[in-house]
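Participant: One-letter residues, chain by chain:
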Amino acid sequence: MGDISRFEELFLPHLDAAYNLARWLGSGDEDAQDIVQEAYTRAFKGFAKFRGDNPRAWLLTIVRNTTYTWLRKRASQDKLVPFDEEVHAMPAEPVPSEAYQEARRGQVEAALSRLPAEYREVLLLFEFENWSYKAIAAALQVPIGTVMSRLSRARRRLQQELAHDRPEEMGDEL
Amino acid sequence: MNCEQAKALLDTYIDGELGPDERAQLEQHLETCAECRATLARLRRFRDFFIANGPRYSPPPELKTKVLSRLEIAKRREATAWLRKPWLYAGILLLGGLLLSWWRISADSEKAIAQQAVSNFVRAAALEHLCDVVSPDPGVVGSWLTSKLDFSPPVVLPGLGFQMRGGRLDVVQNRKVAGLVYKRNKDLLTVFVWPAGGQPLRPNSRFLDGKQVSAWTQADLNFVAVSNMSGQGLDEVVDRLKNAIK
Ligand SMILES: [Zn+2]
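Sequences listed follow chains A and B, in order.
Under the working numbering, residues 1 to 174 are what the first sequence spells out, in order.
Under the working numbering, residues 175 to 420 are what the second sequence spells out, in order.
Among the clues, some could well be false.
Beta-carbon label-pair distances, calculated as ranges [as the list claims (entries may be wrong)]:
#, chain 1, residue 1, chain 2, residue 2, range
1, B, P260, A, Q141, 30 to 36 Å
2, A, R72, B, E209, 21 to 27 Å
3, A, V142, B, D222, 25 to 31 Å
4, B, T254, A, H164, 52 to 58 Å
5, A, D29, B, I266, 43 to 49 Å
6, B, P229, A, R72, 19 to 25 Å
7, A, T69, B, P260, 24 to 30 Å
8, B, T254, A, S5, 15 to 21 Å
9, B, R219, A, S5, 42 to 48 Å
10, B, P260, A, P13, 37 to 43 Å
Worth flagging that the hints you see were computed from the coordinates, not collected in a lab.
A virtual CB, placed ideally from N, CA and C, is assigned to each residue, including glycine.
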């Protein structure tokens, strides 16, 4: 039996992060709200097993798993581009950032939405949640080397998507 | 370290996740390679751009309320989780059925046993064959019965004016039982005794065919006392017997 007030104290402060992650992984607002509710319920049921000192990371891992289950269940498979490390690997040639300095958030968002969820999640967890490679590897249950290469490829791919959006602004370096 | 090796490490370098040795080697290369320095600068700019422009989704304010109410439901479910176990209901039904059938069987068999005891009592009196062994001495009666049976019936005197007349072998529920015969003037008392063997008798008293019958179990033995005495006297006799057997 979990202590609900203790649970709320630990996990409610991370509601925004939970919702944000669900959105990043490809769910719309309505789905994300349902996912967050489901994830909190799951977290509460598993609260007795929570031994860690990082409730936010623990919760986000549950949100992540819930999101994938949810999206799969809702047959929104089209949002989950079938993932293959090699297929999705893009040429490592970076694109100059000058070309995108004017890019709006909307363009970044649109570009992100064309990335596989596996790329979006490492970007979010590393760049915005400030997780270490090690923490991401643990949550995703992949080797640290995979996190490293996935993050690099995610960045290249994102740069490409943004370049594709605004070809007229591509710099000479391309 | 050449440029290809260096470029493969640039992301990790920016991320601050490079080990100290590789980091030192990469920095050494960067000092001598303008191209890699430029690439590094571009990567950093892109990263800054991305962090500055990456989407941040904020939940609508009502999400917190929704989550809280879901948690309330989960909490209530948890508190009553044991009520929703199907095996619990199956168990209760099964137990209830067993109890009911046990009660019926025992009620039926109690009556049947009392009936048999009364029949034995009446038949013995009608045949004027009350005893296989005649003796006023409980010790003699007890030894004789023990020698004829697979158990030792406790032979005691109830007092209240009853005298030992003797003992006989009889049959209750298809098994050989001891019959202890007592008399007080015209009042005849016979106590049938046999091992309970896992089927004890609930204490019960009744009138059957004008006879008083009282049954109980004590010291793993079943007792059924039958008497033709008038009034409610048998209960007192049974109490005396119970005390004497202890
Ligand atoms: Zn170089």
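Participant: Run every hint past the structure and note whether it holds.
Facilitator: Hint check results:
1. B:P260 with A:Q141: 30 to 36 Å: Since P260 (chain B) and Q141 (chain A) have Cβ atoms about 34 Å apart, the given range 30 to 36 Å holds.
2. A:R72 with B:E209: 21 to 27 Å: Between R72 (chain A) and E209 (chain B), where Cβ atoms are some 44 Å apart, the hint is violated.
3. A:V142 with B:D222: 25 to 31 Å: Holds, at about 27 Å.
4. B:T254 with A:H164: 52 to 58 Å: holds (55 Å)
5. A:D29 with B:I266: 43 to 49 Å: Hint holds: Cβ distance 46 Å, inside 43 to 49 Å.
6. B:P229 with A:R72: 19 to 25 Å: holds (23 Å)
7. A:T69 with B:P260: 24 to 30 Å: Holds, since T69 (chain A) and P260 (chain B) (Cβ atoms, about 26 Å apart) stay within the stated range.
8. B:T254 with A:S5: 15 to 21 Å: holds (19 Å)
9. B:R219 with A:S5: 42 to 48 Å: Holds, at about 46 Å.
10. B:P260 with A:P13: 37 to 43 Å: Check passed, 39 Å falls within 37 to 43 Å.
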